[in-house]
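Here the structure of chain X is known, so what remains is to put chain R in place on it, guided by the hints.
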Amino acid sequence: KNQVEQSPQSLIILEGKNCTLQCNYTVSPFSNLRWYKQDTGRGPVSLTIMTFSENTKSNGRYTATLDADTKQSSLHITASQLSDSASYICVVTPSGGSYIPTFGRGTSLIVHP
Amino acid sequence: DTEVTQTPKHLVMGMTNKKSLKCEQHMGHRAMYWYKQKAKKPPELMFVYSYEKLSINESVPSRFSPECPNSSLLNLHLHALQPEDSALYLCASSPTPPGQSYEQYFGPGTRLTVT
Chain X
1 KNQVEQSPQS
11 LIILEGKNCT
21 LQCNYTVSPF
31 SNLRWYKQDT
41 GRGPVSLTIM
51 TFSENTKSNG
61 RYTATLDADT
71 KQSSLHITAS
81 QLSDSASYIC
91 VVTPSGGSYI
101 PTFGRGTSLI
111 VHP
Chain R
1 DTEVTQTPKH
11 LVMGMTNKKS
21 LKCEQHMGHR
31 AMYWYKQKAK
41 KPPELMFVYS
51 YEKLSINESV
61 PSRFSPECPN
71 SSLLNLHLHA
81 LQPEDSALYL
91 CASSPTPPGQ
101 SYEQYFGPGT
111 RLTVT
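Residue numbers (our numbering), protein chains in the order written: chain X, 1 to 113; chain R, 1 to 115.
Warning: the hint list may mix true and false statements.
Computed cross-link-like contacts, EDC-like style, restricted to lysine to aspartate or glutamate with a CA-CA straight-line distance of at most 20 Å [unchecked claim]:
1. R:K38 to X:D69
2. X:K1 to R:E58
3. X:K71 to X:E5
4. R:K40 to X:D69
5. R:K9 to R:E58
6. R:K41 to X:D39
7. R:K40 to X:E5
8. R:K36 to X:D39
9. R:K41 to X:D67
10. R:K18 to R:E52
11. R:K40 to X:D39
12. R:K18 to R:E103
13. X:K57 to R:E103
14. X:K1 to R:E44
15. R:K9 to X:D39
16. R:K38 to X:E5
17. X:K1 to X:D69
18. R:K53 to R:D85
Restraint ranges, calculated between C-beta atoms of paired labels, are given here [as the list claims (entries may be wrong)]:
19. R:K38 to X:T26: 17 to 27 Å
20. R:P8 to X:I13: 42 to 52 Å
21. X:D67 to R:E58: 23 to 33 Å
Counterexamples of contact, computed for chain R against chain X with all Cβ distances above 10 Å [what the hints assert, rightly or not]:
22. S20
23. P66
24. N70
25. D85
26. V114
These aren't lab readings, by the way, just hints derived from the structure by calculation. Backbone N, C-alpha and C fix where the C-beta goes; we use that ideal spot for every residue, glycine too.
So here's chain X without its partners, still in its complex pose:
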């Protein structure tokens, strides 16, 4: 069964600090891996998308990395802001079969002033 595990489950940091969120997956082979930001009660907003051949992708203060050999991805947030408080979800789409994406349970990030 395809699985996507995210850690930590929740994280509290001070404004201005950096943080890294982790995503481990068993989906193989996979088509793409995406990171989304979801504010409470709102729809997810895409941050990055990477294919299996890409190692890193940046979007402003967000940088995602991918190690297809170890099946791990990370999302690094630089100089955190209060508005970064949200849930961050890792989504992996398999290559083949029904191509149904598998969602991780998300990491809840709280940024304190």
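Then chain R, alone, in the frame of chain X:
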């Protein structure tokens, strides 16, 4: 226009009511999706429409009935729902159907409460 819109934002309905959720996108995307999301859980895929045809139905109860009138619109008709159906319902679209490296765009969601 790069957004997916959903109406209504909030909906409260009784178990005997019939209501519909609406989703619209004008990005020319050919695939549209319905997801259900409970609090603190990831979204669960319900239906996928590809080129206006239902391509995936994830064993969703018949009290949920999807409809795709055209390539820009996606409806979810609700009838005889249960309180456990209360959730955030998300619509999404992608330029191409599943199977290709695509970007999936989500709407803001409809918060549904069944009383």
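Hint check results:
The straight-line distance between the Cα atoms of K38 of chain R and D69 of chain X is roughly 33 Å, outside the 20 Å bound, and the hint therefore fails. For the hint linking K1 of chain X to E58 of chain R, the alpha-carbon distance of about 16 Å falls within 20 Å, and the restraint holds. With a C-alpha separation of about 11 Å, the suggested pair K71 of chain X and E5 of chain X falls inside the 20 Å cut-off, and the hint holds. Taking the CA atoms of K40 of chain R and D69 of chain X, the gap is about 30 Å. The hint is violated against a cut of 20 Å.
Straight-line distance between C-alpha atoms of K9 of chain R and E58 of chain R comes to about 24 Å, which puts the hinted pair past the 20 Å bound. The hinted pair formed by K41 of chain R and D39 of chain X meets the criterion: a straight-line CA distance of about 13 Å does not exceed 20 Å. A distance of roughly 14 Å separates the Cα atoms of K40 of chain R and E5 of chain X; the hinted pair therefore holds under the 20 Å criterion. As the CA atoms of K36 of chain R and D39 of chain X are separated by approximately 16 Å, the hinted pair is consistent with the 20 Å bound.
With a C-alpha separation of about 26 Å, the suggested pairing of K41 of chain R with D67 of chain X is violated against the 20 Å cut-off. Among the hinted pairs, K18 of chain R with E52 of chain R is inconsistent with the structure: their alpha-carbon atoms are about 23 Å apart, more than 20 Å. Restraint check: the Cα-Cα separation between K40 of chain R and D39 of chain X comes to about 11 Å, which is no more than 20 Å; the hinted pair holds. This hinted pair does not check out: K18 of chain R and E103 of chain R have alpha carbons roughly 33 Å apart, beyond 20 Å.
Using a Cα cut-off of 20 Å, the hinted pair K57 of chain X and E103 of chain R holds, with the two alpha carbons roughly 14 Å apart. Restraint check for K1 of chain X and E44 of chain R: the C-alpha separation of about 15 Å stays at or below 20 Å, so the hint holds. A C-alpha spacing of about 15 Å is found between K9 of chain R and D39 of chain X, which places the hinted pair at or below 20 Å, so the restraint holds. At most 20 Å may separate the alpha-carbon atoms for a hinted pair to count; K38 of chain R and E5 of chain X meet this at roughly 18 Å.
Proximity of K1 of chain X to D69 of chain X is assessed by CA-CA distance (about 19 Å); at most 20 Å being required, the pair is judged to hold. About 25 Å separates the Cα atoms of K53 of chain R and D85 of chain R, which puts this hinted pair outside 20 Å; it is violated. For K38 of chain R and T26 of chain X, the Cβ-Cβ distance of about 23 Å falls inside the hinted range of 17 to 27 Å, so the restraint holds. As the Cβ distance of P8 of chain R to I13 of chain X is approximately 35 Å, the hint placing it in 42 to 52 Å is violated.
Distance hint check: the CB atoms of D67 of chain X and E58 of chain R are about 30 Å apart, consistent with the given range 23 to 33 Å. Every C-beta of chain X lies more than 10 Å from that of S20 of chain R, the closest at about 19 Å, which supports listing it as non-interface. No Cβ of chain X comes within 10 Å of the Cβ of P66 of chain R; the nearest lies about 16 Å off, and the non-interface call holds. No beta-carbon of chain X comes within 10 Å of the beta-carbon of N70 of chain R; the shortest separation is about 22 Å.
The Cβ of D85 of chain R sits about 17 Å from the closest Cβ of chain X, beyond the 10 Å cut-off, so the non-interface label holds. At the 10 Å boundary, the C-beta of V114 of chain R stays outside the reach of chain X, the nearest C-beta of that chain being 17 Å off.
Of the numbered hints given earlier, the model fails hints 1, 4, 5, 9, 10, 12, 18 and 20; all others are met.
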